[in-house]
Structure formats: structure tokens, C-alpha cells
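Trainee: Below are the chains, spelled out letter by letter.
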Amino acid sequence: METLVGIVAAATALIGAIAAVTHRNAVVGVLFLVLNLVSLAVFYVLLSAPFIAALQVILYAGAIMVLFLFIIMLLDLRREEERESGLLQKVLSVIGGGVFFLLLWGAATGGAAPAAAELPEHFGSVESIAVALFTTYLIPFETISVLLLVAMVGAVLLTRKGGR
Amino acid sequence: MDTELLLKVAVSAGKVMTVLLVLSGSVAYLVLLERKVIAFMQSRLGPRRVGPSGLLQPIADGLKLFLKEDLVPAKADKWVFTLAPVVVIIPAFAAFAVVPFSGESFDVFGLTITPWITDINIGVLYILGISSLGVFGIIMAGWASNSKYPLLGSLRSAAQLISYEVPLGLSIIGVLMIAGTASMVGIVEAQRETGWWFFVPQFVGLFIFFVSGMAETNRAPFDLPEAETELVAGFHTEYSGMKFSFFFLAEYANMILVGCVATTLFMGGWMRPFPSVEALAWLNFLDFVHPFWSGFFWFAAKLFLVIFAFLWIRATFPRYRYDQLMHLGWKVLLPLSIVNVLVTAVVMLLMNSGSSA
Chain Y
44 METLVGIVAA ATALIGAIAA VTHRNAVVGV LFLVLNLVSL AVFYVLLSAP
94 FIAALQVILY AGAIMVLFLF IIMLLDLRRE EERESGLLQK VLSVIGGGVF
144 FLLLWGAATG GAAPAAAELP EHFGSVESIA VALFTTYLIP FETISVLLLV
194 AMVGAVLLTR KGGR
Chain L
1421 MDTELLLKVA VSAGKVMTVL LVLSGSVAYL VLLERKVIAF MQSRLGPRRV
1471 GPSGLLQPIA DGLKLFLKED LVPAKADKWV FTLAPVVVII PAFAAFAVVP
1521 FSGESFDVFG LTITPWITDI NIGVLYILGI SSLGVFGIIM AGWASNSKYP
1571 LLGSLRSAAQ LISYEVPLGL SIIGVLMIAG TASMVGIVEA QRETGWWFFV
1621 PQFVGLFIFF VSGMAETNRA PFDLPEAETE LVAGFHTEYS GMKFSFFFLA
1671 EYANMILVGC VATTLFMGGW MRPFPSVEAL AWLNFLDFVH PFWSGFFWFA
1721 AKLFLVIFAF LWIRATFPRY RYDQLMHLGW KVLLPLSIVN VLVTAVVMLL
1771 MNSGSSA
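Chains as they are written, first to last, in our numbering: chain Y, 44 to 207; chain L, 1421 to 1777.
Honestly, I wouldn't trust all of these hints.
[As the list claims (entries may be wrong)] On the chain L side, residues computed to face chain Y include the following (Cβ under 7 Å): (1) 1452; (2) 1453; (3) 1545; (4) 1548; (5) 1555; (6) 1578; (7) 1709; (8) 1710.
It is worth saying that the hints were derived from the structure and are not from the lab. Glycine included, C-beta positions come from ideal geometry on N, C-alpha and C.
The shape of chain L in the complex, shown without the other chains (with noise of 0.2 Å):
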């Protein structure tokens, strides 16, 4: 067989295992931190019994969800039931395949290694298309599950993804239109060469995109599907152990692709604070050991950033009403996001007719 094929298949896989290693320590210990941030913002301690500061918390969670007994109800659809977790987490841990960690490759036996698994020409369209998937488990598991809570979970979760898809896809447009590009790589280099980074001229689009960023992820205030006062636990109510796990992975999965892609898009991705200036390089005092590690320091810093707001965002506001959830969407977000797209459009038109007369 042909070896440069073989190799390449392996550095692939390699990057896959690494990404997808990472991701699940990152999901675990972000659960911690959820319960760290919100115990603070409420005067509390959080969890500090196993380890020191209840640092080995997530492996104790891990292994109780692991050591649960597996239930599937009498008059559930077992197929379903059983693939619906699966298909949840798929997506979830797939989107993070175009999702550019740091800017520079590094080498490793001779082979250059680009810190993202692929960079394709429709980086963005791809996490839009495969993250739009995610939503088909939610309902296999509320309908396969027989009983009343999850089909209301699963059935206003449908509602409340398709809706915000509408203005999530739209916002990023403004950011496609100022890149002239749809790969992730390529938007962060353009915001390299215009000099500021996406969240100056498109702050209109950053704040629907975090909007409805966590109203696609389940997040509170948007967090109806599984509203536990109303619904027990909405559409996963039924599940236990390693099936109800996948459920929460991917939901935390999906919270950081959130913050990856708002990261990339709007913050600049991995360059450090004003990459145009000259003054500044020591920002990237990570240098020392290798360039990626300055890339990927600031990457990781951007995505704290939006984690923590998503954190702190859970900590304050009430749950939204029905009602009130299809309003914002359709009524507020999505003219918003159209009226962002035009002025985008002609504000870059006027840009341009400016410069070439």
C-alpha cells in the first residue's frame, strides 16, 4: 500500500485521538468549573470533598455515571432509544474537526503538523451543517422514550433549534461578507490583514451569535427543553448512566464549539492583542518553547473569556417564557441579524467605492 497515503491517514488519526482526548478532559473539568463559578457567584463553596478544592471531582462524577445501571424503559422503542445519546454526541465531538487551535504547525519526524485536523473552504457552512444534526437525537430520545416529559422536552427543543438556527446562521454571515472567505483558517488570517479583529465592525453580529449560541446549546436562560421544574429533566429524563452521560459531554461539547467558533470568528482566534503592533510581541512569551504554544495560549485565554460568560450569564438570568423564547428569536434576533447583514453590505460597498475612485 502506498505509504505516503499510510502516513497520512496516521498523522490524521493521531490529531483526531489528540483532539478528541483533550476535548473530553476539557468537557469533564468544565462541568467543575460550571459548579466552581456559580458556587462563588452565590457565596458557596462548590465541591471540595474528593481532592484537594474538589479538583478530582470529575473523575469521581465519571466513574459513578460509569458504574450506574443502564435503564431503558418497558415500552420504549429500543433502537432508538439506545442510538439517540449516540447521535447527540457525534456531531458534537465532529464539528471540532475544522476548529483552528493555534497558528503555527509544528514538526515531528520530519512531518509538519498544522494545529487544526483539517482546514476546508467551507470550515464555517461544515460546523453549521454538522452541529444541525445534534437536534435529531434530542428528539429520538424524547419520542423513543415513551412518556409524556421528554416528548415536551424533545418537542420545544426542535422548536427552540430550528428557530435560533435562523439568526445563528445569519450573524456569521456579516463575518463571511468582511473575510471574503468560509474557512476558519482563512477568517482568523483576514482579520490578521484588515487589523481588527471581527467583533469591532461586527458587534452587532457577536452579541446574536452568543444569543442564540446558547439558546442552540440548551444553555439557561434558554434551557425550556429540560426545564426541571416543569419537565423533571426534559427529553434525557428517562435515561441513566453511560446513556445519560453522552447526553451531558454534549452538551458541554457543544458549549465550547460555541466558544471556538465565536472565538475564531469574532475574537481573532488564536493571535495574540493587537498582532499589527510591533510593541506588543512579548505577548506571545510562549514563544520560548514553540509558537504554537503562544497560539494556542491565546486561543485557550479567548475561550475562557466566553465560557466564563456563559457561566456567569447561567448564574444571573431567570429562564425565558415559551412565548417570550419565540419572540426574541423571530421578533428580535432574526430582523436584527438581517438589518446587520444589510448595513454590513452597504457600509462595504461604500468602503470600496471610496477607495477605487
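Bound conformation, chain Y alone (with noise of 0.2 Å):
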């Protein structure tokens, strides 16, 4: 049963994947992306983290998306569609992405997969995550918002323009 439902998973998360970098209309591509999201959803519930799910699904499809969907719509898309990537485009492209390719392929064929291990009590349910971000993992949790406030300082500084 639950390996159907990785299956499936698997192929829409990968159907999404590709199709999300090839269409040619940016709206129908961030929509393939978020089927692609929502898609790696499933495999955190396999994984036994229902709560990582569940934001996975909240934040990057139904809020992240959302807004990516907003500001493409705003932006007048037909000239970026016809607009030809430069020749040092496409060959840092295809080194970016052969590196990456590369470095993936030796994460999946080296080092044999950890055993299965019995997982811990409560494991992915709310409370432990918490626990987790309150005690053991306290100060890169405050430095991260630190750092999201920050982000959103700046947002709102470059918005008024040149300020009054």
C-alpha cells in the first residue's frame, strides 16, 4: 500500500519537476510546481512526519506559490517568453547543472543506505519538533528569524524609495 501511494507520488512529484522547467507559459509552470510540492508532501507523510507535511503544504504551496502566481500574472510575460537565453547562458547552465548532477548521483550510488532503525517515540509529531526548536536547537532558531526580520526590514526600506 504505502508503496502504490510512493509510487505515484514519486511520478507526479517527477511530472511536475520537469514540466514546472519546460512549458513555455510561466504561470502554467508555477503550477506544475506546486503539484510537485504538494507531491513531496506525500513522501514526508510516509516518512512519518505528518507536521512537516502539513507546513510543506500551508507554506511553500499555499502561501510561497501563491505569491510567485501574483507577481508572474502582474508581470507582462509575453516578451519574456521570446526573449533568447544568451550562448553563456546555456553553457553555464549545462555546467551548473551537470555538477549537480553529478554530485547527486554520487549521494544515491555511494555510501550504502542506513539500515532501517526503529524510529523514536513520538517522532514528526508536533510536540517533539517544538521541544526540539525551544531546547536543543534554541539559537540558530532565533538567529534564523533574526535573519527573516531582517529580510523584511530591507523589503519594506527599498519599497518607500529614497524614503521621505
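Two chains, two frames, a set of hints: combine them into the complex.
Mentor: Spelled out as C-alpha cells, the structure:
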């Protein structure tokens, strides 16, 4: 049963990812990216992390992707579609993609997969993640929140156009 | 094949079918209820041609929508245009999977059937996540129609839904903190243990949840995405026939969903009033049929209250202007919900230290 769900989710995730990159229309591309993100959430559920799955759908699919769509719809994309990418860009993307593929290949084939271990109690529950965030990883957690705050203040400053 | 697994799948499928059927019926009659209630408030009679007092009106409406010609604009993106109503309606119905409709399980053929499709420990988050996907359908509809009014409507809708999702999520946090769980069933049980329903300590939370819920379902006075005086019909202007009816059904299903969540989180779900007072046990008067029906009766009664408030507000308030909408969402509801979370935390901390000392 779980294998079947996993295969279907993997297939939709792959279709979503490939179509998101290859589709000529940016709006449809974003919609495929949403499909990909939702399929990934299914994987989190299968990996006994339902809380992360819910966050994946609420934050990435539900909030961030809507903003993406919003911005793409507001831009005039017809001009964007016709613009040909330059030779340098093509060469660089082939090199970058190739290196990344090699890295993935090495990670997938190198080292044996770790043996399936018994999950600790309450693994992936809201409580255990909250406890981990607010005790063991308190400092990184708070640092990230400060980082996000800085980004937010920066965005507000930039939109003020020189200030009053 | 494993018979136990097969049986489990069959029971789940049966429950899903029941919920879908009952929900579709409720949605159809909610439309009639809305027309009747608003007619009453405006000193009119409302629909009364089809059947006694217009009781068969939903069937006539459904038949009409089913038989109407299905138009697709020539310059529309056909795939996205067709998919949009589906993307709107699936989350609207799927979110009901974790709603506990009653408290008591019943036995059929030796199988214990729980009155909810599933009880997962992230129930509330599941509802938030699933319902946040519906907005894609609205955006897709507006964009694929390739027409000005739908595009404007869907842009408004996207901005509105994103803005009000934040206070909606934060308004629930107070309840989660007191209950100590995110499971829908667990939250109702927690309200039995604490002795009061959560709208008493969390009345600010309920207020924010109710207002944001109205905005999330595009209900008046937050119906800017389909403001008929400005945008014809907003994002579904170009839709007709079955595709239009999908949008329509989804809107009313979402309304029922907000009612169900408000009932479960703030109003004690399936429990009768004052569940700890033994003298009021007669309130579960349907126990002689089965305890399931008592729970279901109280759930439905509370749900009706919330829905009635929705209709009442629609008949009473004028539509917000766009800047007022954004002002209310970001400058009033958001700070209020954050203060609510902080106050809840401080009070809980004080009460805990008081009891342990």
C-alpha cells in the first residue's frame, strides 16, 4: 500500500518538476511546481513526518507559490517568453546542471543506505519538533528569525524609494 | 489479498461516500436557506414556486445547471480553464476528512465505525493546508479565462486569501495552546476536561477566526473577488453550466467547513451544553435512538448557529472597499491575534505556576 502511494507520488513529483522547467508558459510552470510540492508532502507523510508535510503544504504550496503566481500574473510575460537566452547562459547552465547531477549521482550510489531503524517515540509529532526547536536548536532557530526580520525590514525600506 | 486491509478500505470508502452525499445535499439546501433567510430579513418571501414553500428549488437549480450549455471562451487556456473548478472543489470537500461529526462510535456487522473519516494528530493543520490550496483554482480560473474582469477578480482574491490566512492561522493557536493537541477529536475532549468551551477563554480568537473565515470563503462583506457591481461576477464570469456550479458548490462547502471548524474548536463540537453538569443529561434526548444521534444533533445545532450568523451578516453589512479590507486584515486582525496568543501564553503560565506552587 505504502509502496504504491510512494510510486504514484514520485511519478507526479517528477512530472511536476520536469514540466515546471520545460513548459513555455510561466503561469502553467508555477502550477506544475505546486503539483511537485504537494507530491513531496506525500513523501513526508510516508516518512512519518506529518507535521512537516502540513507545513510544506501550508507554507510552500499555499502561501509562497500563490505569491509567485501573483507576481508572474502582474508582470507582462509575453516579452519575457520571446527573449532568447544567450550562449554564455546556456553553457553555464549545462555546466551547473552537470555538476549538480554528478553530486546527486554520487550521493545516491556512494555509501550504502542506512539500515532501517526503529523510530524514536513521538517522532515527527508537533510536540517533539517544538521541544527540539526551543531547547537543542534554540540559538539557530532564533538566529534564523532575526535573519528573516532583517530581510523583511530591508524589503520595506526598498519599497519606500529613497524615503521621505 | 489481506481481508483486514480490504475491510478497512471498504469502511473508509463508505464513510467518504456518506460524507460527500450528505455534504452535497446540505450545500444544495444551504443555498435555499440563504435565500429564505435573507428574504425574511428583507421582508420578502423568497423562492416559493417549486414545491411547497420552494422546498424543491435546489433540485430545479441543480437540473438547470446540469443541462446548461458549457461555454469555453475562444481565447481561454482550455486545460487550465477546465481544471480550475476541479482544483477549487477538491480541497473544499477533502478538508471534511478530519471533522468529527459526533462523539459516539456505532457498530455495524461487528465493525466499530467512528463518526469521523479519520482522526490525525495534525487535524487542524491538515484543514489549514488543504483549504489553502483552493486559492489556486480561483487564480487559475481568472488567468485562464483570458478576460479582464476574471483576472482582476482572481488577483483580488489571491491577495485577500493570503492576507487573511495569517490571522486565521494565528487565531487558532490560542485553542491549540490550551488544548495541547492539534487533533480535532482531541480538542473536543480537551474542552470536556477543562469544563468550559474554548470560546470563553478564547472569545478574541473566535472573533478573529469568524471574521477571517468569512474573508477566506469570499463571503459578504468580503466578497470583493466577485463584486457584481464592479467585476460582473469576478473570477467565474466566463464560467457556465457544471463548471460554474462547481465554484458555487465549493463556496458553500467552504462556508460549512468554517462553521464545522468553529463548532469543533470553540463551541465544544458534538457535546451538549454544560457537559459536566449531570442534571442536564436529558439534553442528550436522542440517546434512546443511539448516542451517535445526540452528538450529531448538537453538532448540527451549533453549526446552524454559525451558518445563520454568516447569512445574517451578509444581509446586514455593505461590502468593504479594497483598502479597508487590507487595513482590517493587516493592521487590526493580525496584531490582535498576536496579542491574543501572547496573553493566552502569559495567563497559562501564571495559572500553571499558581497550581504547582
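Trainee: Take the hints in turn and mark each one as holding or not.
Mentor: Hints, one by one, checked against the model:
| no. | hint | in the structure |
| --- | --- | --- |
| 1 | 1452 | 32 Å, violated |
| 2 | 1453 | 30 Å, violated |
| 3 | 1545 | 4 Å, holds |
| 4 | 1548 | 5 Å, holds |
| 5 | 1555 | 6 Å, holds |
| 6 | 1578 | 5 Å, holds |
| 7 | 1709 | 36 Å, violated |
| 8 | 1710 | 32 Å, violated |
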